[in-house]
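*Asks:* Listed below, chain by chain, are the residues.
Number of protein chains: 2
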Amino acid sequence: MTEKKATLRQLERYPNYLAYLKKLDQRGIDKVSSPMLAGVFNCSEEQVRKDLHLIAKRSGKPGSGRSVKELIEDIEDFLGYNSEKRAIVMGVGNLGTAFLRYNGFIKAGIDVVAGFDSDPKKLGKSVEGKPIYASSELKKVIEAKDVTIAIVTVPAGSAQSVADELSEAGIKAICNFSPAHLNVDDSIEVLNVDLAATLAVLSHKVKDRE
Amino acid sequence: MTEKKATLRQLERYPNYLAYLKKLDQRGIDKVSSPMLAGVFNCSEEQVRKDLHLIAKRSGKPGSGRSVKELIEDIEDFLGYNSEKRAIVMGVGNLGTAFLRYNGFIKAGIDVVAGFDSDPKKLGKSVEGKPIYASSELKKVIEAKDVTIAIVTVPAGSAQSVADELSEAGIKAICNFSPAHLNVDDSIEVLNVDLAATLAVLSHKVKDRE
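Residue numbers (my numbering), protein chains in the order written: chain X, 5 to 214; chain W, 5 to 214.
Keep in mind that the hints were calculated from the coordinates and are not lab data. If a hint is listed, it holds; no wrong ones were tucked in.
Pairs involving identical chains hold if they fit within one copy or between any two copies, as the list cannot separate such chains.
Derived SDA-like pairs: lysine to any residue, alpha-carbon spacing no greater than 25 Å straight-line:
1. Lys209 x Ile192
2. Lys9 x Cys47
3. Lys209 x Ala148
4. Lys27 x Val194
5. Lys27 x Asn107
6. Lys35 x Val188
7. Lys9 x Ser48
8. Lys73 x Arg62
9. Lys73 x Val197
10. Lys111 x Val197
11. Lys26 x Lys61
12. Lys73 x Ala23
13. Lys65 x Ile76
14. Lys54 x Val197
15. Lys111 x Val194
16. Lys126 x Asn107
17. Lys125 x Asn98
18. Lys209 x Tyr24
19. Lys26 x Ser171
20. Lys209 x Ala23
21. Lys209 x Ser171
22. Lys149 x Ser139
23. Lys125 x Arg105
24. Lys54 x Met40
25. Lys26 x Asp78
26. Lys26 x Leu58
The structure presented is a predicted model; accordingly, all values stated were derived computationally and were not measured.
Please build the complete structure, drawing on both the sequences and the hints.
*Replies:* Right, here's the structure in full:
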């Protein structure tokens with residue numbers, strides 16, 4: 005889709021720009037400048053300019069800034085919000101169920117199509133119309149539905165064996181919500197989101213201020 | 005608790021070290037070296053050494069490495085896993101309910117004590133023994149239970165007004181799971197975790213490889 009490469013840090017910044025730009029748009033503000041964004045995000049104008057230059061399809065005019073609506077479009081395009089990817093949820097517990105029910109993913113171009121669980125009582129059921137399968141169906145579902153991403157919400161003790169199954173079944177990316185470290189082939193992108201550790205880091209920052 | 009300051013990037017790395025060290029510990033491996041960690045996390049030995057030096061209460065011996073169990077203890081201490089903080093959940097929908105039910109927070113020293121919702125049908129009920137209150141009770145609960153962190157899972161459209169209420173009620177930190185940009189006073193730590201954007205970034209990285 006694009007030849008441009010963003011650093012991981014840049015990739016992490018675009019969702020924040022996007023949220024702020026949408027807020028401006030809702031308020032009827034139609035132009036935004038790099039100094040303004042730099043002020044809001046507490047970073048250098050140079051960084052904002054580089055970030056926007058990488059994703060913008062049209063160039064900004066010095067002095068008058070960039071169109072808010074066009075920037076929203078360009079960031080969403082760049083992040084792939086308009087090129088749908090299919091995802092599955094591994095582990096249909098509380099968090100897994102929340103992900104199957106959450107309707108915010110579709111806006112980001114992520115279609116969660118099915119859940120997988122080892123509990124026989126859950127198999128054959130569905131959550132918001134999304135079927136729950138046994139992991140023996142993994143390869144079949146991934147191939148049939150062209151699934152790219154697996155959202156792993158199983159307990160830490162089962163996470164590595166689930167990652168092994170996903171790897172064998174041909175998954176391309178894993179978003180790991182378990183607090184376990186996963187060993188997988190380099191060809192699979194892994195993103196670790198340890199919610200408890202995230203909150204601990206936040207509480208640490210509060211502690212630092214005290 | 006500690007006089008040492010970590011950069012944000014460092015803070016984000018400790019949970020990853022922790023997950024890997026726990027895996028080593030489970031396998032009965034009792035020593036770890038900086039070169040070994042650098043290899044696993046694809047970074048420089050220098051960086052690992054700096055990271056460990058900042059949090060370790062005992063120094064490692066050149067050649068023999070550091071004790072895995074001691075490092076686990078030191079990282080958990082540093083992140084505040086052993087100094088409990090209280091948290092509340094704003095918005096008891098699917099994700100909010102998952103957070104009230106999730107038992108992984110307590111290990112990280114986060115005690116989720118209550119939920120808040122605007123739906124009158126939910127008030128007076130509880131999830132896993134955690135009561136659900138109206139936001140009119142916010143200040144009272146935050147003060148009575150010494151709550152530090154609010155986990156915000158309300159829809160984007162309500163997030164700013166909830167943040168304003170939290171700010172008035174004296175919250176110290178907000179973990180924002182809504183895709184909205186929040187304007188709050190600088191005295192409040194805000195961490196944005198946009199799950200849909202997180203998955204979009206992951207899918208973008210896959211796209212880049214194709």
